[in-house]
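Participant: Respectively, the protein sequence lines represent chains A and B. Note that numbering that gives the first Met the number 0 numbers the first sequence so that position 320 is 319, with each residue one more than the last. Note that numbering that gives the first Met the number 0 numbers the second sequence so that position 494 is 493, with each residue one more than the last.
Hints were generated in silico from the structure; no laboratory data involved. These numbers were taken from a predicted model, which means no experiment stands behind them. Wrong hints could be hidden among the right ones.
As the list claims (entries may be wrong) - Below, simulated DSBU-like cross-link-like pairs (lysine-lysine); rule was C-alpha separation at most 35 angstroms, straight line:
| # | chain 1 | residue 1 | chain 2 | residue 2 |
| --- | --- | --- | --- | --- |
| 1 | A | 70 | B | 330 |
| 2 | A | 143 | B | 203 |
| 3 | A | 216 | B | 212 |
Stated by the list, open to error - Not the full set, but computed from the structure, chain B residues with beta-carbon under 10 angstroms of chain A:
| # | residue |
| --- | --- |
| 4 | 53 |
| 5 | 57 |
| 6 | 59 |
| 7 | 95 |
| 8 | 152 |
| 9 | 153 |
| 10 | 156 |
Built from N, CA and C at the ideal position, the CB exists for glycine as well.
Protein chains: 2
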Amino acid sequence: MKVIITGGFGFLGLHLCKRILAVGELIGADESAHVVRKLVLFDAGSPPKDMPRDSRIEVRVGDITNADEVKSLVDEDGIVIFHLASVMSGQGEKDFDICWRVNVEGTRNLLEPCRGRHGCKFVFASSGACFGERSDGPETDTTKLLPHTSYGMTKACMELVINDFTRRGFVDGRVARLPTVIPRPEPNSGLPAAFSDILRQPLKGEPAVLRLKPDMKHAVCGFRVLVRNLIHLANLPAAAFAESIDRCMNMPSLSVTLQDLAESLLKIVKDPSKLGSITYEPDAELCGKLSTFHKNMDATRARALGLMCDSSAAAIAADFAAEYVDPLLLKPVVEIYEEPRHWLAFSNEHVRVFRVENPPGDTTLMHVHRVDSLYFFFTAAQVQGTKLHEEPKDDILSCGEVRYGDHGNCLLTHKIYNKGPPVMMCLDVELAGFQNTQTDGAAAKRPRTEAANLPTGLRLTKERPGARVHDLDLAAGTSWAGRIPFARALFVVHRGAHVRGELGDRLLKPGDVFFRDGPIDMKLEVLGKRRDVAIWVVELLY
Amino acid sequence: MKVIITGGFGFLGLHLCKRILAVGELIGADESAHVVRKLVLFDAGSPPKDMPRDSRIEVRVGDITNADEVKSLVDEDGIVIFHLASVMSGQGEKDFDICWRVNVEGTRNLLEPCRGRHGCKFVFASSGACFGERSDGPETDTTKLLPHTSYGMTKACMELVINDFTRRGFVDGRVARLPTVIPRPEPNSGLPAAFSDILRQPLKGEPAVLRLKPDMKHAVCGFRVLVRNLIHLANLPAAAFAESIDRCMNMPSLSVTLQDLAESLLKIVKDPSKLGSITYEPDAELCGKLSTFHKNMDATRARALGLMCDSSAAAIAADFAAEYVDPLLLKPVVEIYEEPRHWLAFSNEHVRVFRVENPPGDTTLMHVHRVDSLYFFFTAAQVQGTKLHEEPKDDILSCGEVRYGDHGNCLLTHKIYNKGPPVMMCLDVELAGFQNTQTDGAAAKRPRTEAANLPTGLRLTKERPGARVHDLDLAAGTSWAGRIPFARALFVVHRGAHVRGELGDRLLKPGDVFFRDGPIDMKLEVLGKRRDVAIWVVELLY
């Protein structure tokens, strides 16, 4: 498979490139994985000094407004294109024409040749700037686009064009409406740059002088989660979007103020006195402009499709510090909420579910597990775990494996290195409601609860003080009905398909979770003929 | 002033042309009226045989996709452009490229040269097709645009571009999102053509065979009201749009079914047996497609800006019959609701307010007034009134004149011919709540109600059994406060300005009406230094 990343020399482009190469494969139009044979980085600028060295990379310096040049890139079927190249907001306001040429005509130049090919996927980076100024609530996937910049206008136009190209079958488009991605490792002149400056500068021990007010909300996300989400978006089957003609959606983001980000630094740095100073010198005009930017982007649709969100501003800051500044600045151990590869996927008073994804070659920060957890593994991966003050130990994870961690009695503080493809992917289900009994180690001695009468098909596979795990396997084309007698249950999807019934009319994907109070009269119909469904039904014993 | 109409040889273009030439002037960027010196009809087709003969018309056969050709049209400052030329939905689905070239690049060709000129206004015909298929309620001005056709996509893109051009000061754009304009005098192949066929064919005595179901809702308007609204939109001061960056709005429309239209014919034709037959042969695919079209377009913003709506489907049918078929088919007298120059502007249980606009050279249908009415005149016009079975009589109307019609005791059945510029414009305020007392002619004998203590500034100018009319004149830059002691009052704006207070923070325009239950503690601040405000305060004595 050939992959093209435009704007490939940029911050996001390079991170995306590295991540794709580390994983080594993407899902094609046929819904199966294809090895990435060639990855073209197309950009108008000069290749960066730290360009990754990999024989699969082809560097192409070129002009997106040159139709012939761009056409020559799309020289085979089934290419996956990540179109990130763009004139940004500030330049667009200075020069309308270049904004139109690059963002509209350039995008069209890249879309056009896809019409002559089969099975090309086109992932486009749109922007929250499409929304313009809004006073009323969060920007949702159904909020009217009313941009206040030429940049936002061109992005909104391309959303419309890509929807139409997809509807007509010219290309398989997926559009990610991006919040502000922070922190950029280098200063830039953009208005939302303050949201990067406030993390980068103090972490580098340099002063941050901010021209915005500390209490202005702005939608942001970390670069790691965004790169992960762009790949996830590319990998989704086309059927996942079938509910709507709209292929565009808000990316998950945090709505934060500069103040929030400043405070997040204190949660992760060892010695706050080493941080550079933060000064606010608000400029009325700039504050006025920022108020026209995305403040709070609702990403319900993206979340339902499995796109993730940073768990906290601290996680974004910690991730940046570990990679770009000096890891020794950080506290030696961070909380799970602050570990950038742990994403809070679901939480209520009973459970907190983190989705953990660690790409090949990557290492989590040293983090602490304080609550008894069930771990569900979705990939076969070779990892190296290192507990605090201990030597690394190899571990082999199996797809479908379920483990239990008795952290309520014994904290687990560790980091995980993923030795090679694939991405290590697991769910960490914290049994939050199980905490109360553990102050004196009583959990382990908890009397065994009698197993209730299980309906046919449900098979107990693991039992621990706080929970029992049951398997439910359903073949393609079959349906199942039964009364699940549990007072509280968490359904964790291991293998997914399109289903109809108690869990909705939807495409289940590995890692999807559903919480239900019981007993549950459950019906589940597995649509289609190709895919089986496997679900872990977790009975919560508290 | 120079005016350009693209798509000028089309049905709408020619009607717009005739109406502009009859009125003879448009409001320029300086907010004053300018004589239309030249009107360019630009179109790719052949000039029609019935091209109006007028020395002001310049016919230009040309190609909107030829940038140089289009640029040569925009050769002076202060041009008012009505851009109607477009590839329509059906052709756009067959050929994406021509749809993009004409609708996007062609529009850009016309917008570009405006950047180099001063004070050009750009009125663009967008379409309800921008909305695509929606199941949830009416399409409003804040509904997300999610077109299901390439045609709709290109229109939605141009809305974004025109907003941005306007924001940047490149042009003064105003975008009318059109419903389906009916009835077209000639059959066409478009899907919503059925909504024209069902009126035209029976009125011509020919069969209508409809491929759609009779109960499918669709948003329509008559061509006369649309032409009027496009001119009104062009004439509005830029300040009227200041509340939002969005220059695009739904045009007022009726949400009707084919059945509704068929029934409307029975209200206006003399002898239903002369109508051609109507047969429904619904085609599932076509019905499916129509369900993706605009069903019910909410035009709250346009209405607040003074844009009007046909009072009924019958009015649309009657208008068409009078102009295109055989006026003798019609009943000799129609109700006000069915008279196409009377538009219902406001109604409640107490009053029904019709806005009457009759352009120069135009004659209303013979219609009947059954309810006592106050008439407020907004233009100095020379007209000829013809009562049923009587000879025509000349009449001179003054701007600011108020008349009373005692129709409750004595029906008025008449038609009005406007002898020359300007447009005859008046409000017909039916005193609906005054009806009850009139069966025995008691209205005229109604005992005189004592006038309440009037606050300073309010001056009684007319008294009739059902109502008293008071003047309230406020100079620019002043403010006024007082207690208006009436139990029910209708405020009719004679001369407008931007005001703040009881009537909102808004630009008042001649003919705006506001109903209030009293007593009313009223404050009104007239903003700006140029414009005075004059309001008729109508006390309803029932």
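Participant: Check each numbered hint against the structure and report the violated ones by number, ascending.
Facilitator: Numbers 1, 2, 3, 4, 5, 6, in rising order.
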